[in-house]
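Colleague: All chains should be built: construct the whole structure from the sequences, respecting the hints.
Number of protein chains: 2
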Amino acid sequence: MAVASQMSSKFRNFSSWFDKVLYEARIVDDRFPVKGFSVYMENGTFILRALQRMLEEELARTGHIEMLFPLVTTDELFSKEAEHIKGFMSEVFVIDKAGGKELERKLIIRPTSETIIYPMFRLWVRSHADLPLKVHQSVNVYRHETKATRPLFRVREIPWNEAHTIHATASEAEEQVREAIEIYRKVLNKVGVAYLLLKRPDFDKFAGARYSIAFDAWNPDGRVNQVGTVHNLGKNFAKVFEIEFEQRDGRRDNPHQLCYGFGYSRVIAAVIAQHGDDHGCVFPSTIAPVQVVIVPIYFKGQEYSILEYCRRVLERLGNNIRVRLDDRDDVTPGEKYYYWEMLGAPVRLEIGPREVAEGRVTVFRRDTMEKRVTTLEEVNDYVKKLLDEIDRNLAERSRRMLEAMIGDAQTLSDAKQLISSRRIARVEWCGRLECAEVIKENVGGEIRGSRYDIVEIPKGGCVACQQPAKEVVYVARAY
Amino acid sequence: MAVASQMSSKFRNFSSWFDKVLYEARIVDDRFPVKGFSVYMENGTFILRALQRMLEEELARTGHIEMLFPLVTTDELFSKEAEHIKGFMSEVFVIDKAGGKELERKLIIRPTSETIIYPMFRLWVRSHADLPLKVHQSVNVYRHETKATRPLFRVREIPWNEAHTIHATASEAEEQVREAIEIYRKVLNKVGVAYLLLKRPDFDKFAGARYSIAFDAWNPDGRVNQVGTVHNLGKNFAKVFEIEFEQRDGRRDNPHQLCYGFGYSRVIAAVIAQHGDDHGCVFPSTIAPVQVVIVPIYFKGQEYSILEYCRRVLERLGNNIRVRLDDRDDVTPGEKYYYWEMLGAPVRLEIGPREVAEGRVTVFRRDTMEKRVTTLEEVNDYVKKLLDEIDRNLAERSRRMLEAMIGDAQTLSDAKQLISSRRIARVEWCGRLECAEVIKENVGGEIRGSRYDIVEIPKGGCVACQQPAKEVVYVARAY
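Protein chains in written order, with this note's numbering: chain S, 1 to 479; chain X, 1 to 479.
Because the hints were derived from the structure by calculation, they are not lab data. Among the hints, a few may not be true.
As the list claims (entries may be wrong) - The list that follows gives simulated cross-link-like pairs (lysine-lysine, DSS-like), each with its CA atoms no further than 30 Å apart:
id, chain 1, residue 1, chain 2, residue 2
1, S, K97, X, K106
2, S, K35, S, K134
3, X, K86, S, K97
4, S, K80, X, K35
5, S, K80, X, K97
6, X, K80, S, K97
7, S, K134, X, K336
8, X, K300, S, K101
9, X, K101, S, K80
10, X, K336, S, K101
11, X, K86, S, K101
12, S, K86, X, K106
13, S, K101, X, K106
14, S, K371, S, K190
15, X, K416, X, K371
16, X, K35, X, K101
17, X, K35, S, K235
18, X, K80, S, K106
19, S, K80, X, K106
20, S, K86, S, K440
21, S, K199, S, K239
22, X, K97, S, K147
23, X, K97, S, K97
24, X, K336, S, K35
25, S, K186, S, K134
26, S, K147, X, K101
27, X, K336, S, K106
28, X, K147, S, K86
Modeller: Next comes the structure, spelled out in structure tokens:
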């Protein structure tokens, strides 16, 4: 099997590999004394901000307006939508004291912002001329996870972007689902994250939605990682929050709504987990805190000329590349290699006496660990092309890995076998909740949904009951 | 008096002027149903982000690392520093439930992040080689204000940047105080906000600090608006949070610390309040959501040629100016003028048949409400220079206003007269707390501190007790 041949330590023991990398690459320090709340160190923060910029650029380009809404809502607002409150009540943080005194009205900290934003939409939306209205914000949301927490994957403080849109018609709302998916797809492609685009089964849709589409990224331990979701809310929330607009013909109606969320910390987790290796992080150039590191290989008596040559290389690389000259003199080149490989810098330039003498530069690429040689004159072009190639290679490698992880199963025991080998099982399903439960119980993974991007037609019977299948679905363990 | 001659409505009735402008210019919508929590609409959000970028650029340039720390701390950590807890305990929000159950340990929501960041500093700082360490984050902090809230000025959800630094020696810490002041000074200058740079009296310093420096911006209602503060913490927090480092000579010691905060919402308030007028906002180009608006003056039969000419102007202005062509055809030019004046666009270009015929552009500047004319060929250069000139003029006008607001008072009744005319009183003070209290009681304003940027030597007696004065201090009402 293709998967087994790639057994680096991240596949053998994901947890310990991941914890080590997060800490050594200065992504997250998880020693903060409140469970589920981590500190984003400089590289984690850099990547989070870079992702945020990329996504927000796409959102702005497609007419989304950035606004900022409060952290809290009232009990009354939070409880308006019956399904929604059922879905989130068990994990909300509640403030009921301030300054040592009980608050008159307790406050609910946002697990997501529908109940905070929609009362404002009610005030703002008057007529069809106000629509579509597309609003977004990048904020933290808070969910009291009762399962075991894991930094970036399953935390209680979750940095994300949430967008909320309002539309006059059902077809415009459908069109918006496609736009939202395209936005997330672009950003995930830029960082080479491979995922399954799935329509969630009804029993697993967003609390209060008509249907939910999700991006499930693969993970070395076989547990899929939901990095983004797009929900078509229909008129459901508009009705309970009394959002109304006047149509062209003068009649009043409730508009259609969407909400969609992109989990920054989940995406960072996917980038590290999908691309990383035994040496640490491997970042695509789009988000690498340092894209190119120059390491001088000092040789006694030639320190000055080597460093001077390094500076010329630095100058050639210009201002459009995030480059660092690691000129520390109390650290060996080997230690620097270790350090920058851990930090995932996509390209390393090694410069010793030979490079100086020959006007060359030795180029190490982090993704394949291969070395090549270029010249001082060509170093800028060479590096730029190489960065692009690395990005492409990471994306392609990750996509192939996802494909290799998926296996077809005709029986529950085959499916179970796949899940316990940390893979994703593709099965046929009759669509009934009972069978979903049978699958979950017997297979050890859940139905995550059917493909939204392509059509897969079932040919046989449900893996659980053998009745005619209605859908091809993907079964996996999940974060 | 110079002040009286400038009596626009913001001076006559600041509150109602400010509320109207915030809403009509789409800065903040204050109708959110939780007191002290506002919604930042698109222009408020744009300006907040622009300020954040400006500040963060300066912080990065001076070696500050961006990290992100959790929203919450534990009761135990929060209570470590005795003065600090005394200063903040009466206004912290407390979470003691989650998912319907009591938490084992209640959580304190940050009113500021010393007690969240310093436990991490304890883990990270080992030796003099780790110092200086300069960290910052832009986040919201939460304070349960018991006084009347006012959007941007006095709120319970406060967007700010907080920096925290650690230094090996007292003199390096002193040097850092100056660097921090210089960073804030640069950003405030870019948006033309005029302020007094004051060393706070001991009784008003930050809870747990050795001393505090503050930027107090003037406000039309005479109440000063603290937009930034820089605190030298000495070794106080390092001792209680057990932060230690090994000095060059091998001895262990507690380092010196600083923290400093820049209030984004307070700065937005200052920009609007200081520069605004009866027509609405007047934004400096550095943060204006739209720097230049083009308004076509349609003339029957010439709509096409006018719009075509507007597009040529748009093209000439290029991509480095935030320009908007307001080509709505269901709104009159007069309504557009009203709208864009309210939104504070620094420059408006008016283009009608005459401009088209003569190859000219009529240019309106928002700060002085004057019109000039330039040519199509020169419009780019003209506008760029004009934007700079507007920025300079706003800063200069605001600085002069601050000077005019300050009056010297030798007696308590003179000082009281100044404060009740919405001005700032400069008085001499003996330095004793009793006299500060006499001043507060009799004058209606508080001692805000003595100038930090210039030396002012008292020549006579304390305004309260007539004993020899030690300091020249500024007395004002404050937000």
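Colleague: Each hint needs a verdict: does it hold in this structure or not?
Modeller: These are the hints, each one checked on the structure:
1. S:K97 / X:K106: Measuring from Cα to Cα gives roughly 10 Å; hence the hint holds.
2. S:K35 / S:K134: Cα-Cα ~35 Å, so violated.
3. X:K86 / S:K97: 17 Å, holds
4. S:K80 / X:K35: Holds - the C-alpha atoms of K35 of chain X and K80 of chain S are around 20 Å apart, at most 30 Å.
5. S:K80 / X:K97: 20 Å, holds
6. X:K80 / S:K97: Holds: K80 of chain X and K97 of chain S sit about 20 Å apart, inside 30 Å.
7. S:K134 / X:K336: 23 Å, holds
8. X:K300 / S:K101: 67 Å, violated
9. X:K101 / S:K80: Distance ~21 Å between K101 of chain X and K80 of chain S Cα, so the pair holds.
10. X:K336 / S:K101: The hint is violated at about 49 Å.
11. X:K86 / S:K101: 15 Å, holds
12. S:K86 / X:K106: Between K86 of chain S and K106 of chain X the Cα gap is close to 24 Å, so the pair holds against 30 Å.
13. S:K101 / X:K106: 14 Å, holds
14. S:K371 / S:K190: 24 Å, holds
15. X:K416 / X:K371: Distance ~42 Å between K416 of chain X and K371 of chain X Cα, so the pair is violated.
16. X:K35 / X:K101: 26 Å, holds
17. X:K35 / S:K235: 29 Å, holds
18. X:K80 / S:K106: Roughly 27 Å separates the two Cα atoms, so the pair holds.
19. S:K80 / X:K106: 27 Å, holds
20. S:K86 / S:K440: 22 Å, holds
21. S:K199 / S:K239: 24 Å, holds
22. X:K97 / S:K147: Roughly 17 Å separates the two Cα atoms, so the pair holds.
23. X:K97 / S:K97: Status holds; Cα separation ~10 Å.
24. X:K336 / S:K35: Distance of about 53 Å is beyond 30 Å: violated.
25. S:K186 / S:K134: Holds, at roughly 19 Å.
26. S:K147 / X:K101: 15 Å, holds
27. X:K336 / S:K106: 44 Å, violated
28. X:K147 / S:K86: 36 Å, violated
Violation of the numbered hints given earlier is confined to hints 2, 8, 10, 15, 24, 27, 28; the remaining hints are satisfied by the structure.
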